[in-house]
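Trainee: Residues per chain, in single letters:
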Amino acid sequence: MSILQKLETLGLVLPEPPAPGGNYVSVNIRESIAYLAIQFPILNGEFKYQGRLGNDLTTEDGYQAMKMCALNVIAQIHHKVGFERVSGLNHIDAYYQAVENWDEAPKVVNGASDLFVNVLEDKGLHSRAIFGVHKLSRNFSVGLTASFTLLH
Amino acid sequence: MSILQKLETLGLVLPEPPAPGGNYVSVNIRESIAYLAIQFPILNGEFKYQGRLGNDLTTEDGYQAMKMCALNVIAQIHHKVGFERVSGLNHIDAYYQAVENWDEAPKVVNGASDLFVNVLEDKGLHSRAIFGVHKLSRNFSVGLTASFTLLH
Amino acid sequence: MSILQKLETLGLVLPEPPAPGGNYVSVNIRESIAYLAIQFPILNGEFKYQGRLGNDLTTEDGYQAMKMCALNVIAQIHHKVGFERVSGLNHIDAYYQAVENWDEAPKVVNGASDLFVNVLEDKGLHSRAIFGVHKLSRNFSVGLTASFTLLH
Chain A
1 MSILQKLETL GLVLPEPPAP GGNYVSVNIR ESIAYLAIQF PILNGEFKYQ GRLGNDLTTE
61 DGYQAMKMCA LNVIAQIHHK VGFERVSGLN HIDAYYQAVE NWDEAPKVVN GASDLFVNVL
121 EDKGLHSRAI FGVHKLSRNF SVGLTASFTL LH
Chain B
1 MSILQKLETL GLVLPEPPAP GGNYVSVNIR ESIAYLAIQF PILNGEFKYQ GRLGNDLTTE
61 DGYQAMKMCA LNVIAQIHHK VGFERVSGLN HIDAYYQAVE NWDEAPKVVN GASDLFVNVL
121 EDKGLHSRAI FGVHKLSRNF SVGLTASFTL LH
Chain C
1 MSILQKLETL GLVLPEPPAP GGNYVSVNIR ESIAYLAIQF PILNGEFKYQ GRLGNDLTTE
61 DGYQAMKMCA LNVIAQIHHK VGFERVSGLN HIDAYYQAVE NWDEAPKVVN GASDLFVNVL
121 EDKGLHSRAI FGVHKLSRNF SVGLTASFTL LH
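Chains as they are written, first to last, in the working numbering: chain A, 1 to 152; chain B, 1 to 152; chain C, 1 to 152.
Fair warning: there could be bad hints in the mix.
For lysine to aspartate or glutamate, the following EDC-like pairs were computed, each having C-alpha atoms within a straight-line distance of at most 16 Å [what the hints assert, rightly or not]:
id, chain 1, residue 1, chain 2, residue 2
1, B, Lys-123, B, Glu-84
2, A, Lys-6, A, Asp-114
3, B, Lys-6, B, Asp-114
4, A, Lys-123, B, Glu-31
5, A, Lys-107, A, Glu-31
6, A, Lys-48, A, Glu-31
7, C, Lys-123, A, Asp-61
8, B, Lys-123, C, Glu-31
9, C, Lys-48, C, Asp-61
Partial list, computed: chain A residues near chain B (C-beta under 8 Å) [claimed, not checked]:
id, residue
10, Leu-10
11, Val-13
12, His-91
13, Asp-114
14, His-126
15, Gly-132
16, Thr-149
The set of hints was computed from the structure by calculation and includes no laboratory data. All values reported here derive from a predicted model rather than from experimental measurement. Glycine included, each C-beta is placed from N, C-alpha and C at the ideal position.
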């Protein structure tokens, strides 16, 4: 089953991959690793889920926001590499903006982790780091960086 | 000398590797790199060194907390990969929670760096990044992410 | 054209690569990847651009600070690896300290991105992540981590 078919069975549609917001590339392939630029909850050009978790946004909002970041990661790989070349997801770094005493980050980041595992199965297994930052660009509540190993 | 013997000569005991707190894996091997999930100062299931450096915790506490994170990194590799397969440590990202004017992070992160170099010697040499985050999960004072290159 | 000649045509001089401020190495080569430790806006031993963006420092200051970090990355690779061995830049993680409502981070990080692309051309293409941290060591306004793929 192709990624697009798999997404369809999950009721998901691949968004347009967001364009870079600076002098960098969204996907950088060096030897057998594809490095991705940070992805935000942007849906076909529209900024979503801006604000602070625990104040402007709930944990469920955060989960959906992280899922949207992960869909953008998948869209970037689909458009610029193709999943037939992918051996597997390596690691994700997940960033969030929250109020001081909010502590639901692991649940929120499962929005990305669940999507990767559901869509890519064994190729979607990954390690991850999560931390609450002071600020993300454009006041996005969450952001996500990933890298993939490619087949030779 | 094995890792366990080396730890013993240093008066250290390997803790149980902490289980993942979400839909990810603690160690993800892709080709010749082992990517680790963020490790916290958890000792056999018990959360340690929670709070903010410079307020709830001293620099010496932070050093011990980082050493505990590094021991968990070593425990993860020992249990899931084995050091006979390890070519060397690559890079560590070290995160901490501190009060505004506290500036002892390099000393604190040496708690991890010293351990890696003492236990793994040349294989423990690494580059590192350190930054003070807004918040870590479960109010941990420090966290640590690492990757290792494996032998073919 | 060598890196030094290229820098000269751009009116730039390579600084002394900063020494590590702890028990780590500035450049760690494992197989075909060179991992770099975080670089700060240090010019030949002198700390520059300390403070918070949007308060003590302007966006243009931040751009110059990021450019200085990138020059230190280039200096580290030049002195410890040599650009004849470099296949290309992989990814950069850019960190900054700013006041709450400051949102010019992509422009600031272009200070590093522009330099890499101008000096290294195709070998300088990279993906990137940016996030506003709570605090950087020595009150530096910005910091930069990078890795490079080496030729076999």
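Trainee: Going through the earlier hints one by one, which of them does the structure break, listed in rising order?
Mentor: Going through the list in order, the structure violates hints 5, 6, 7, 10, 11 and respects the others.
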